[in-house]
Amino acid sequence: MRPRFDPVNIAMLYMLAVVVVALRFARGPAIAAAALSVLAFDFAFVPPVGTFSVEDAQYLFTFAIMLAVALAISRLTEDVRVRARAQARLAVEAETERVRATLLASISHDLRTPLAVMAGASSGLAESGERLRPEERTALARSLFEQARKMSDRVSKVLDMTRLETGAIAPERDWASVGEIAGSVLRGLAEPLATHRVMIEVPDDLPLLRVDAALVEQALANLLENAARHTPTGTVVRLRAERQDREVVVSVENFGADLPEADLERVFAKFERGTMESAGGMGLGLAICRAIVRLHGGRAWAEPIAGGGIAFRFTLPVEEAPAMPPEPALR
Amino acid sequence: MTATRPTILVVEDEPEIRRFLRATLEAEGYRIVESPSGRRAAIDAATHKPDIALVDLGLPDFDGIEVIRRIREWSGMPIVVLSARVHERSKIEALDAGANDYVTKPFAIGELLARIRAALRQAVRPPSGERTLAFDDVAIDLEARTAVRGGVEVHLTPIEFRLLGALARNAGRVVTQRRLLEEVWGPTHREDTHYLRIYMKQLRDKLERDPLRPRRLLTETGVGYRLAAED
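Top line first, the protein sequences correspond to chains A and B. For what it's worth, this note's numbering labels the leading residue of the first sequence as 1, then goes sequentially. For what it's worth, this note's numbering labels the leading residue of the second sequence as 1001, then goes sequentially.
Among these hints, one or two may not hold up.
Think about it this way: if two alpha-carbon atoms lie no more than 30 Å apart in a straight line, the pair counts; the simulated DSBU-like pairs of lysine-lysine are [said to hold, decoys possible]:
| # | chain 1 | residue 1 | chain 2 | residue 2 |
| --- | --- | --- | --- | --- |
| 1 | B | Lys1049 | A | Lys150 |
| 2 | B | Lys1049 | B | Lys1105 |
| 3 | B | Lys1105 | A | Lys270 |
| 4 | A | Lys150 | A | Lys270 |
| 5 | A | Lys157 | B | Lys1049 |
Note that these hints are calculated values from the structure, not bench results.
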């Protein structure tokens, strides 16, 4: 029986198969494929056909070459694969390094500025305090205080972010009222929010939530602070909460800022600031807000409001609150 | 308040903080005793018999909370905690150990002075506290259990009166949730914080001008509540 192809060419075909396997898969399968094709070639094409025995000793040479080539190729492709992986890892490391460098630059800038003001104001007071007019003295001391507060706030934000990221914060869940949290936030932020018209809408029948109230307060405070910082003085900031099925949606809506579509998601990343940002802040507020909300099983996002403005929203899951016994039952 | 200058024991390990506290508090007319450690504080509190103690929570030798416990073993002097920790838990622990109030670092001196004054006022009040309570256009008689707002009688339930009474006895100071629950509903309801949320809302709806922006019945989130009866 004379096959249409010369057995050598058929051997080449088998080899091609081995190369393909070596390229696609790891080393083990390539060697297995080489061995298998040698056996199959022997069985099907090497006289006597239909057995594994070999008539012509020449074919042993062919087998050896097939195996050697398969091994070499699998070895080479493996090398390439390893190198590609290393390169990818290097790229990730370089990116992390780049992010870290930007981050460090941004932190140190944000911390240095208040430090510079504090050093200047305090040395001015210490060295020429008595030559200053009293109102100038007071103004310098005030700015010292303001900058110190700002700096303390920024350091806390960095610490909070780190603690949230490393999982060092375990939420202490308790029944909490969104209305109460909102009231507390507005009181705490009375000063920064004094420049805006703040409206608050919390329905009377909003369910209590099982959350860490202090953390949620912080998430909400960050949204309000952002609104005060990035929208023009005198514009409206609306704080709203409403129930939607199994969640409560808390929104801070402003009508004085716009964000390009592409930035809606980006602003939630650490140390990212909106493109028009110049008003200070670490670029951590939204990242912290999202981390806190996620810790509670909710989502945080930003969306444009029809007619202009941006809504920052987050959800918190609703759990069934235990019933409150009617008052006469309590003594 | 005594006719002489009230003495403040300042328990704080950071010399720079002690320095500015001494300077500003002396300028306000207080006498200052400084304790740089918890161990010193226990001794100083006994020997100097201060009118009030300011205790930093992060002391090198033992925790500020331990200082509060030791002082409370023999004295009812008002204690205001200075806490650098933002953690609610340490504030609650300090309050439960017997502290009267806390100020979170960094604080403005005005804030601290207000807390000191409130705590000292508290100390000279008879333990039963005031029988009546008045703010804005609201007048409440806790004993007769009547409440009037803008000349119109407001109906408060017995529990609402009890809750208001517990806050009024500690007016100006934060009262922990646990303590309110124990005082109003009893020790078995210590964990039923949802009672507080519901009843505080009811009280605000009845007594606050803007219940969503309370000015009198204040929440110290995660810690407790504070009645701010004075402006």
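So, going through the hints one by one against the coordinates:
A threshold of 30 Å between alpha carbons decides the hint, and for Lys1049/B with Lys150/A the separation of about 38 Å lies outside it, so the pair is violated. Our distance criterion of 30 Å between C-alpha atoms is met by Lys1049/B and Lys1105/B, whose separation comes to about 26 Å. In summary, the hint linking Lys1105/B to Lys270/A is supported, as the alpha carbons are separated by about 26 Å, within the 30 Å threshold. Taking the CA atoms of Lys150/A and Lys270/A, the gap is near 19 Å; set against the 30 Å cutoff, the hint holds.
A hinted pair counts as satisfied when its Cα atoms are at most 30 Å apart, and Lys157/A with Lys1049/B does not qualify at roughly 40 Å.
The structure fails hints 1, 5 (numbered hints given earlier, in ascending order).
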